[in-house]
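J.: Please work from the sequences and hints to get the whole structure.
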Amino acid sequence: MKNTREFVLLSLLTSMALVLSVLESMIPFPFIAPGAKLGLPNMVTLAVLVVFGFRRGMTIAILRTILFMLVAGNPVGFMYAISGAFTSTIVMYFVYKYFSQYFSLIGVSLFGAFAHNTTQACVAALMLQNVRILYYLPIMYIVGIFTGCFVGYASIFIIKNLELKINLVKWS
Amino acid sequence: MTKYDKILIGIIFLASIAALYLIQNQTLNSEGQYIVITVDNEIFRTYSIDKKLNEEIEIKTKHGINIVHIEDGFVYMESSTCRDQICVLHGKICRPGEMIVCLPNKIVIEVTGIDSDLDVISH
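Chains as they are written, first to last, in this note's numbering: chain A, 47 to 218; chain B, 17 to 139.
Hints listed in this document are in silico derivations from the structure and should not be mistaken for laboratory results. Some hints could be false.
As the list claims (entries may be wrong) - With a straight-line Cα cutoff of 25 Å, these simulated DSS-like cross-link-like pairs (lysine-lysine) come out:
id, chain 1, residue 1, chain 2, residue 2
1, B, Lys68, A, Lys206
2, B, Lys108, B, Lys76
3, B, Lys76, A, Lys143
4, A, Lys206, B, Lys22
5, B, Lys76, B, Lys122
6, B, Lys19, A, Lys143
7, B, Lys68, B, Lys108
8, B, Lys122, B, Lys108
9, B, Lys67, A, Lys83
10, A, Lys206, A, Lys143
11, B, Lys67, B, Lys108
12, B, Lys122, B, Lys78
T.: Rendered as structure tokens:
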């Protein structure tokens with residue numbers, strides 16, 4: 047990172063994602079499905095992915111999960127979180143890079159939510175040695191539609207303001 | 017939001033609903049829990065737990081006669097000819113891992129399978 051300004055901005059965004067993680071862990075979703083979350087930190091990941099590129103986006107996603115593990119002290123949750131963050135970042139990047147003429151950021155975010163849910167359920171099935179956890183996936187997908195749309199909308203606003211505030215050329 | 021976004025939402029939604037429907041049908045057919053009745057160390061009979069199953073099973077052994085009742089997904093020992101009646105007093109069981117034992121008549125009724133009930137929800 048040559049640019050100090052970019053460095054500071056990325057650190058701020060990382061801490062923002064961390065704060066959002068903490069905030070969202072305080073909002074339980076018990077009425078639909080235990081373990082369902084809003085995915086608020088993903089809007090930071092998505093915005094960084096679009097504005098700064100894949101490497102920065104992935105770095106922030108991974109750093110955010112590691113920091114959140116240190117804050118929450120939950121290594122089991124960390125396994126789910128890091129696998130979900132990893133695959134969803136990759137999927138979002140590919141969809142954004144190759145299919146952005148078809149999908150807006152909402153679609154990209156939906157793909158991210160989809161990948162996130164799938165990986166988490168698979169990791170949970172592996173860790174608990176119980177395939178029946180996959181039965182839980184359709185509910186998570188339906189929840190993911192709403193949270194994905196929300197995250198997509200929010201990241202559109204973030205990106206608009208990020209690009210206004212800093213004179214960085216939109217990453218293409 | 018583009019046209020493709022809406023199509024994507026529709027596809028995910030419909031696929032999830034379809035999957036939910038399929039899963040529900042499947043789990044209705046087999047709860048994944050079984051009642052295993054063992055007599056004298058040999059498996060006498062197994063039943064998959066079904067809410068609709070209502071059956072009275074009479075087990076005659078050289079030690080005595082036991083009547084096992086399966087009802088509404090529960091199983092219990094209705095009567096036994098043994099002297100202490102611990103098996104009858106045990107009551108109804110339905111959760112995996114629970115068992116009713118009648119030692120004098122050498123009968124074990126066990127519920128096996130994956131426990132789907134949650135113990136604790138933590139966020």
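J.: What are the numbers of the hints the structure violates, in ascending order?
T.: Result: hints 1, 3, 9 break, sorted rising.
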